[in-house]
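Given these sequences and hints, build the entire structure.
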Amino acid sequence: MIEQNLLLILVTLPFLGALVAASLPVNAHNAAAAVSGLVLAGGLAILAALHPAIAEGQVLRAGLDWVPSLGLGLDIRLDGFSWLFVTLVAAIGGLVVIYARYYLSKSDPVPRFYSFLMAFTGAMMGMLLSGNILLLVVFWELTSILSFLLVGYWHQTPAARDGARTALVVTAAGGLCLLAAMLLLGRIAGSYDLDRVLASGDLIRAHGAYPLVLGLFLLGAFTKSAQVPFHFWLPGAMAAPTPVSAYLHSATMVKAGVFLLVRFTPALGGTELWFYAVTGIGMLTLIVGSIVALFRHDLKGLLAYSTISHLGLITALAGIGSSGAILAAIFHIANHAVFKASLFMAAGIIDHESGTRDMRRLSGLMRLMPVTGTLAIVAAAAMAGGPLLNGFLSKEMFFAEAVDWHNGTWLDDMLPYLATFASVFSVAYSLRFIATVFFGPPPVDLPKVPHEPQPWMRRPVELLVAVCLVVGILPGLTLGPTLNLAARSVMGPDTPYTSIAIWHGINAPLVMSMVALALGILLYALLGSRIAAGPEGPPLLHRIRAQKVYERLLLRLSWTWPRRIYRIVGTERLQPQLRLMVLLALGAATAVMWGHLAPVERARATPVSVSFALMWAVGVACAVGAAWQAKYHRFAALVLLGGAGLVTCLTFVWFSAPDLAVTQLLVEIVTTALLLLGLRWLPKRREEIAADKLLPARLRRGRDFIIAGVSGAGLAALAYVVMTRPLIPNIGDWFLRNAYHEGGGTNVVNVILVDFRAFDTFGEITVLAVVGLTVYALLRRFRPASESASIPDEQRGEEAEALQDYMFVPSVIMQWMFPALIVMSAYLFFRGHDLPGGGFSAGVTLAIAFLLQYLATNVRWIEMRLTVLPIRWMGAGLLVAGGTGMGAWLFGYPFLTAHARYVELPLVGKVPAATALLFDLGVYALVMGATVLMLIAIAHQTLRSARLREQDAEEKETERKETP
Amino acid sequence: MEIVLSLAIGILAASGIWLLLRPRTFQVIVGLCLLSYSVNLFIFAMGRLTLAQPPIMPKGGFIDPALYADPLPQALVLTAIVISFATTALFLVVMMASRGVTGTDHVDGKESEE
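Those protein sequences? They're chains A and B, same order as listed. According to this note's numbering, the first sequence is numbered sequentially starting from 493. According to this note's numbering, the second sequence is numbered sequentially starting from 625.
The set of hints was computed from the structure by calculation and includes no laboratory data. Predicted, not measured: the structure shown is a model, and the values here were computed from it. Be a bit skeptical, because a hint or two may be false.
Per label pair, the in silico range of CB-to-CB distance [as the list claims (entries may be wrong)]:
no., chain 1, residue 1, chain 2, residue 2, range
1, B, 725, A, 1259, 20 to 28 Å
2, B, 675, A, 1304, 38 to 46 Å
3, B, 688, A, 1389, 24 to 32 Å
4, B, 676, A, 1309, 27 to 35 Å
5, B, 734, A, 1093, 50 to 58 Å
C-beta atoms are modelled at their ideal positions from N, C-alpha and C, and glycine is treated no differently.
Pasting the structure below:
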């Protein structure tokens, strides 16, 4: 049990560290580094505590269910291989944290750096420890995203932004392929559990989809591990701060791909296809990487290509897939992480202290920074595969595997020659790094005078180089058992124990090493001076850049092609879009309903009433009239629209929906008033447009007429068929049965709104508030059209006086109606729970009361006498409604649980006292506030345009005075 | 009655859709209003037509749901009425602002070339 908890802590600890680091102040250099360091130290302590169990060959598991229905669980699984890898991640992470503390400058925002770094560590550990292949993909993609953030840490520079984006696009696209592969694998194996998948290797290899699965899987692994032709993101990612490069691009993230290759060898490996694809690409990457590395002038560029080539080596070993090769792959993963991290850190020190990373400018640094120089030389020798160093041992094992007979294909036969060829270049670029940077004449004209760095900046490098030496000299005592354990947990318990020794006698691998060493030295001696003068890349080949191909492709995909497609099929015009939407809806409805709209035999029928039919004859005439007149006679159309609305309202009354009728009637009033206010700002009615009479316009109208007619007929048919079917019992019955007992009200519609489905209502009033505020905000910035800004004819001269006279009586009546309407609104509100009414209708009624005051007089008159604060009403309403909902929490119920009871009041009698009433009060205030806000905002436009007119007049006046 | 109401729904919808496809903002706003009437009636009619049986119960006691109109479509339509009011108001203001900014009441903010 303790072990399970320790495992879960191990995975969550870095994420907690990230949260803590993120919350520190911007300049908390020491605190952020200390938090990160402690987190990683804690991780290492847990790993040490778990080691005894792992050493016995146990597999530790812990898990939480996440989405069991999808087979997705938070399963954590630790075995020998992942133990080694996680330890590597945590240990190098700790060193990187120390290094970064001295590397980052005072002005860098450190909490961001450390929180990303910790989150990345967590994602990496999660990926390594996932016991579920879907969870693995989740963490895999998380590492891609965090690497994007880390590479782009100095986002001020375009190189960092481009590098981060390229890395993200390539690795995340690979991650998507990996997801597809994992889904297929899970489908084939019947489970997403890692152990089950690894155990069903035979099933997977025999399956027809094996080539597809393998292709997708390898795309994921190769993009992450920077294999040719996806390698180009890695040099671009060198724009990252050096601690990030040392961590992500040597030890951890790029190793995720090869980790996956090794881990899934039992499930996917062992076929000829696997060998050709994995070993082939690995060897290609090894050779290309080592050749390009020799010709790079940038220190970090050299190291980046060297990393690519070493990743190719590990990939090739994974492709060979024998137990010795797997052991060698794991060994080289660890060795490369150690020497490459130290080299990146050394390169960072050189950059930090001298101000440049260009090898053509650096030279003779051995005299100025002897300690760093010695460390870098040892690490570079390990990189070249020099004897007595860790790189030598795993390289020898690689050579031995290359020489061994595996399957007799041409690639297998070629392996020794290819390996030696690549190794020649590997020796040459390591030599170039040492010779140009540390030897030769003293440097001239460097941005800074180089000197030894702060001792603590060098400590991590010292430690890593010490590891190189210790492992290189005493391999059997130090890493031997752990490596065998790791290989055994990958390949199964029957794997033979391989003892690692420095001296095997004079054999083929040793001869290959010596040949490579001699040829490498010769190569550098011959070419050294020419390389420095040449371009950044190998001769001839530097013109072929995968980066360029990628950029061109990205440009096509994200810019050229979309635009071309848009030009062909896109439109900015609203009418075709709406037409398309209507046609789509029509098509979809037809496709679904076709053949199912048969009338039933025992149709439900309400007796036809002549007056109802007559009423709708008027309603339909109004609707068609509104459609006909809306272009040239807006006012008439508005009146006709109101007519259709009234008939709708009467229909609600007719068919037992009093609540709807009340609300519809009130909303109808407000909508008409709003539209009337808006009419003033539209352009004057145009003369008949000549083009309207032409054939194209007639054709357009004819087409739209048909679309509208067909849609209407379809809707009518659908409505008829549904209405005549018998009503099956539904949830409406439940509401009817329980409204009184559970909701404490007899008006079921209102109880549904404020009690049973109060959450929906809460959302809805929020929408109303948002709309109110949007209207207010839009109108604050809105300038009325200049031609509408002048006083309308009706308000000028004699006509205006006449208007004043005959509006006098209605205006007085409207003012007197104010108190009456307030009482009416209160009445509607209080009866709402039991009888038709409620917060909505009451709120709109109150809004109408205000509206009438504005109509009766004018904006200035009314606002001198009455303070209306609609935004406060809205805020208060939302708070009351939300507060009522949260009140339920106090009693341990979920949000918006209502309580209802009837209270006996003296004199008044039995009254309902439900918390829902309080909620309804919130609705009431909000609806009133929002409606009034919209009305007032529109009404104020008249005031503003009057002010604008005055300003214009003043300006003209002053101009006239200035120019006599 | 069913036939009358379904015809009414159809004609309201047809007028609304026809206006929706017109080029002037005012036509579109009127069209949206007509369409919302039609859709509200349609949703309401999904609870079937019942005469003189509003879903308002006597106080207390067990009741027979068959004696009352279906309250659920009514609650939905009540919400829809308020929301369509809000969208109409928003559209009206956008219409005014667009007219102020572009100087035309065409839905695309410029007169069409067609």
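(message) For the hint 24 to 32 Å, verify it against the beta carbon of residue 688 of chain B and that of residue 1389 of chain A.
(response) holds (28 Å)
(message) Verify the CB-CB distance for residue 675 of chain B and residue 1304 of chain A against the hinted window 38 to 46 Å.
(response) At roughly 42 Å between Cβ atoms, residue 1304 of chain A and residue 675 of chain B fall inside 38 to 46 Å, so the hint holds.
(request) State, for the Cβ atoms of residue 676 of chain B and residue 1309 of chain A, whether the hinted interval 27 to 35 Å holds or is violated. (result) holds (32 Å)
(message) Quick check: does the Cβ-Cβ distance between residue 734 of chain B and residue 1093 of chain A fall within 50 to 58 Å?
(response) At roughly 56 Å between Cβ atoms, residue 1093 of chain A and residue 734 of chain B fall inside 50 to 58 Å, so the hint holds.
(message) Does the beta carbon distance between residue 725 of chain B and residue 1259 of chain A stay inside 20 to 28 Å, or does it fall outside?
(response) Roughly 25 Å apart at Cβ, these two residues keep to the hinted range, so it holds.
Every hint, counting from the list given before, is met by this structure.
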